[in-house]
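Protein chains in written order, with numbering that gives the first Met the number 0: chain A, 0 to 375; chain B, 0 to 261.
Accuracy of the hints is not assured; some may be wrong.
The calculated DSS-like cross-link candidates involving lysine-lysine, where the alpha carbons are at most 25 angstroms apart (straight line), are [to be verified]:
id: 1; chain 1: A; residue 1: Lys65; chain 2: A; residue 2: Lys110
id: 2; chain 1: B; residue 1: Lys169; chain 2: A; residue 2: Lys58
id: 3; chain 1: B; residue 1: Lys166; chain 2: A; residue 2: Lys245
Please keep in mind that the hints were generated in silico from the structure rather than gathered at the bench. None of these values were measured; they are calculated from a predicted model.
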Amino acid sequence: MSFYDLYKDYKDINFNLFFKGISDIDILNILEKDRLEIEDFLRLLSPQAGRYLEEMAQKAHHLTIKNFGKVIFLYTPLYLSNYCVNNCSYCGFNVNHDYERKKLTIEEVGKEAEVIAEKGIRDILILTGESRKHSPISYIKDCVRVLKNHFTSIGVEVYPLTKAEYQELVSIGVDGLTIYQEVYNEVIYDQVHISGPKKDYHYRLDAAERGCQAGIRRINIGSLLGLDDWEKEAFFAGLHAWYLQKKYIDMEISLSVPRLRLHPGGISGNFLVENRDLVQVILAYRLFMPRIGINLSTREPADLRDNLLSLGITKVSAESTTIVGGYSDSNGTAQFEIADQRRITDIKNIIAAKGYQAVFQDWHYLDIDDIDIMSN
Amino acid sequence: MLEVGKIKDKLLINGQELKSRLFIGTGKFPQKSLIPDVIEGSGSGIVTVALRRVDFTDKDENIVNYINKDCIIMINTSGARTAEEAVRIARISREAGCGDWIKIEVIRDNKYLLPDNDETIKAAEILAKEGFVVMPYVSPDLMVAKRLEEAGAASIMPLGAPIGTNKGLKSKEFIRILIEEINLPIIVDAGIGRPSHAAEAMEMGADAVLVNTAIATAEDPVLMAGAFAKAVQAGRDAYLAGPGSIRNYAEASSPLTGFLSN
């Protein structure tokens, strides 16, 4: 079974009709419940629930603290390469954008790592565009080997891989996988992914699951909000997380809530996602799945990020750049604009002022030697 | 005299006398700098730290540096999904100079954070042989506890309720069986949300309790740590004093068996 089988059960429902049948009492009843059903989750994404954001926020806040404590985890993304063969209408690395592409040498990866680690970061997320020619698995593995000298937790956000390839990465110490479906609506998916291997909806959809089967520890998924109605996209991303959590119980599952950002030469989103909509998505995720991580990137502006911290967010990126090589040299082309450009120390202070501890390290890779532990 | 009983009332683990029956977790505090005061306020002599959070390279970030020097640091294997991972974490911890006290946590379920008892036993067997002071976190089950005792565990740490739920002693009857049948200290871990829950566990005869969420997420963690210390002591005193039994039925004014003595 694939998530697609579950997706099929819901993809043709009439969201508007479903939302019309929801009353205030329904929402208040959901807020009294300990465990929510899938339909309750969808109700929390309705306009009716939008009138109860404060009540939802109070509950989400308490649930998050109970499950995660008063801590916020920090990570930083590191762009290795922006070579890409895909033509995706919303992305700055789009193959048709004419700019000088860059791929870090292994030596440059070491330099970037040093700069980032110096700031205190221990959890790194490495990213590449989709190009098996320029950034093959062997290159990603070489980078990981260098990064292990500086970081204790390494996640990858790269093109979808086979299970065997994910296993290769796990075996050298990669513990996290981020893969966004971008848009769960198949028709829109086909429209915005104009050409390239990313056009294969199903191969991408099942990538998270291949990662789970390969023994990765953390899976982070999400939809790029703004490519379809946010209520639908948030629902399917949440449903996907719920499916993975139920099927792969040992996995640390998290959801990201990226909103479409402008990028050089790109389209702007057709579907507006207001701040209050983003808040509603975060709250609905938290109430439906109290144990799930919710990540927030520097795509969002500083003041909004600060206010979202108390609503259910568990992990934030800090002092990011989407420019390849951007930590040691800021000249280059960005995948998208960074809205929150504050330094890590500032973000740490804000987190403290909000009553949370900024946690830099939450994992330590275990393959420190090659001895056979169990028979020793 | 009760006083005499109290003097004799020592908690020994691995031959070491512990100064308090309240153990503290460290993972959920709003600031690491609160930890020394919390430990002070709780009077605790054992503090558990997740190795995954220990940053050996940064003095300010290294949580171990916030723990009072006279406390025993019990590294926990949080994040371990198998016995093998737990064993690796224990060995890394020992290599790094964090000592031999290991709270084995093997959790394959990320939704409820329930322990995997089978894998915990496997890890306990290996680590006890290697000389670790093995403190396994388990779902309360008599046969599991027996096997851990045979494996050389130093205590058994059954959960009162799932981690972080603050729901109290939901597994009370099963913990009671462990207290009666197992010749090791029984330390109730997880689920204790209020000082009254801690007192209840201690009154029942638990040897100690471990508290994390309830203290770390309180509005005033230091005050709450003190409240837990008092509750643990009160519960222990009550256990030693021998509480009167609770009756579910009234003393009959017309005894049904009175005719036997007539």
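Fill in: Restraint status (C-alpha distance of Lys166(B) to Lys245(A) at most 25 angstroms)
With Cα atoms ~23 angstroms apart, Lys166(B) and Lys245(A) stay inside 25 angstroms; holds.
Item to complete: Below or equal to 25 angstroms on CA atoms is what counts here, so check Lys169(B) against Lys58(A).
Response: holds (23 angstroms)
Worksheet entry | Lys65(A) paired with Lys110(A) [C-alpha distance capped at 25 angstroms] | Violated, at about 39 angstroms.
The structure does not agree with numbered hint 1 stated previously, though it agrees with all others.
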